[in-house]
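Novice: Counting in this note's numbering, the sequence shown runs from 64 upward without gaps.
What the hints contain is simulated information worked out from the structure, not anything from laboratory work. Where is the CB? At the ideal position from N, CA and C, for every residue including glycine. One or more of the hints may lead you astray.
Stated by the list, open to error - With a straight-line cut-off of 25 Å between C-alpha atoms, the simulated SDA-like cross-links for lysine to any residue are: (1) Lys-171 with Asn-223; (2) Lys-171 with Ile-243; (3) Lys-171 with Gln-202; (4) Lys-355 with Arg-343; (5) Lys-406 with Met-198; (6) Lys-406 with Gly-433; (7) Lys-171 with Gly-190; (8) Lys-406 with Gln-202; (9) Lys-355 with Ala-416.
Stated by the list, open to error - Here are the simulated distance ranges between beta carbons: (10) Thr-431 with Glu-322: 40 to 46 Å; (11) Glu-123 with Asp-305: 42 to 48 Å; (12) Gln-340 with Arg-256: 47 to 53 Å; (13) Asp-425 with Ser-400: 48 to 54 Å; (14) Thr-268 with Val-238: 18 to 24 Å; (15) Arg-341 with Leu-169: 49 to 55 Å; (16) Arg-341 with Asn-240: 50 to 56 Å.
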Amino acid sequence: VDAAVAAGQPIVPTGTTLTLLARADRPWDSQGARIIAKAFSPEELPKIAEGPGRIRIAVEVPHEAATRAIRDLATLAHHLAERAGGWVHNPSSDALYTPDVLAARLPKLAQGDIFELIVIHQVVGDGELSLLDTMGLSQLGVPELLVRDVPPGVADHFGNLLNLTATTLVAAGDVTNPGILVVDVSQLSAERRAEWWADALAGATGRFTWRARWSVPEHGADDPGVDAPLSIELDVDDPSLDRGPAMLAALDAFAGAAEDTPVIRSADDPELAAAAQRARTELARMLPPLAKGVTPGASLSIKASFTSADERVEWMWVDVLSARGTRFDGVLANEPSFVTQYKIGQRVQVDLADVADYVAIDLAGDRTGGYSIPILKRGSPQ
């Protein structure tokens, strides 16, 4: 604070109201922050939980001044935390920072970089598709965003898209047209634009159209006398397809798609047969816990056979949601070449006997399976 004042830099924009409220008798009580604090060292956690209290800093500003106010508040919070040997908690995004981590983000905050202000929250479990929503947009005076029924294999891609959507909404201050929100990469900052195109695949358009409608959160909608905050619920703007296939088709058009040419090997190839048997044996041991769904934060994909109307067999990957007995429930992750009764993104069920491989990634990022992949990469004349 002293340095900012000496340099003539305002802590908050002129004409606004700043509130500092000391609550030394109030312990740390954010369950979400405690979960996020798992990234901190064991030595720091007790200090965070047992700290003497908090200083809450709040400011009300016009929408157009929100980004600058957040920059100033972050500077103030960093100064106080550094002086007191404490931490900084953003209640809007529930993010928890050490002073050093926050200091590294201050330059981006000064530029109004939305990526540094919000958190993409993923709700998974119970063998169902994911729900993605933002945490932190409310501090900028715009509604939070949410997307339902996201296939697990593309949750990260839709999380990145949600970041871009948030940036678009904050910059424009409103939807593109009534009920429509268009994300256009060409409208991003030069730095973000270059980052996005560096990762884009062949055929990418850099343009995504959402259908947008108001949504009332379930946790407050029925409480009498409580104004539940409205969110903007997003859906793909393609009524011609079922939701799952439409979401993946729109994502491929936006970010491009890798070539998905099937590799053909003889049905009685001994190497592939051995790899398939090993995969099924290991998958059988994984089945009981999968009744409750894939562990949130982990992933499981299986390669299974699908038969066309003319009895041809095509092997495709399925992102698993759960399993019952020996039957897997998941989302088709490949676009079929000739099994045309299926579509990428479609919900499918597969029996263990029809599985030839799997790839599992646990919470630590360790990978198992994939036994057929090196065999197929070597190629075959058949």
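Novice: Work down the list of hints and note, for each, if the structure agrees.
Specialist: Okay, the hints, checked on the actual structure:
{"no.": "1", "hint": "Lys-171 with Asn-223", "result": "holds, 17 Å"}
{"no.": "2", "hint": "Lys-171 with Ile-243", "result": "violated, 29 Å"}
{"no.": "3", "hint": "Lys-171 with Gln-202", "result": "holds, 16 Å"}
{"no.": "4", "hint": "Lys-355 with Arg-343", "result": "holds, 20 Å"}
{"no.": "5", "hint": "Lys-406 with Met-198", "result": "violated, 33 Å"}
{"no.": "6", "hint": "Lys-406 with Gly-433", "result": "holds, 23 Å"}
{"no.": "7", "hint": "Lys-171 with Gly-190", "result": "violated, 38 Å"}
{"no.": "8", "hint": "Lys-406 with Gln-202", "result": "violated, 40 Å"}
{"no.": "9", "hint": "Lys-355 with Ala-416", "result": "holds, 21 Å"}
{"no.": "10", "hint": "Thr-431 with Glu-322: 40 to 46 Å", "result": "violated, 26 Å"}
{"no.": "11", "hint": "Glu-123 with Asp-305: 42 to 48 Å", "result": "holds, 44 Å"}
{"no.": "12", "hint": "Gln-340 with Arg-256: 47 to 53 Å", "result": "holds, 48 Å"}
{"no.": "13", "hint": "Asp-425 with Ser-400: 48 to 54 Å", "result": "violated, 31 Å"}
{"no.": "14", "hint": "Thr-268 with Val-238: 18 to 24 Å", "result": "holds, 20 Å"}
{"no.": "15", "hint": "Arg-341 with Leu-169: 49 to 55 Å", "result": "holds, 51 Å"}
{"no.": "16", "hint": "Arg-341 with Asn-240: 50 to 56 Å", "result": "holds, 54 Å"}
Going down the numbered hints, you'll see the structure goes against 2, 5, 7, 8, 10, 13, while the others check out.
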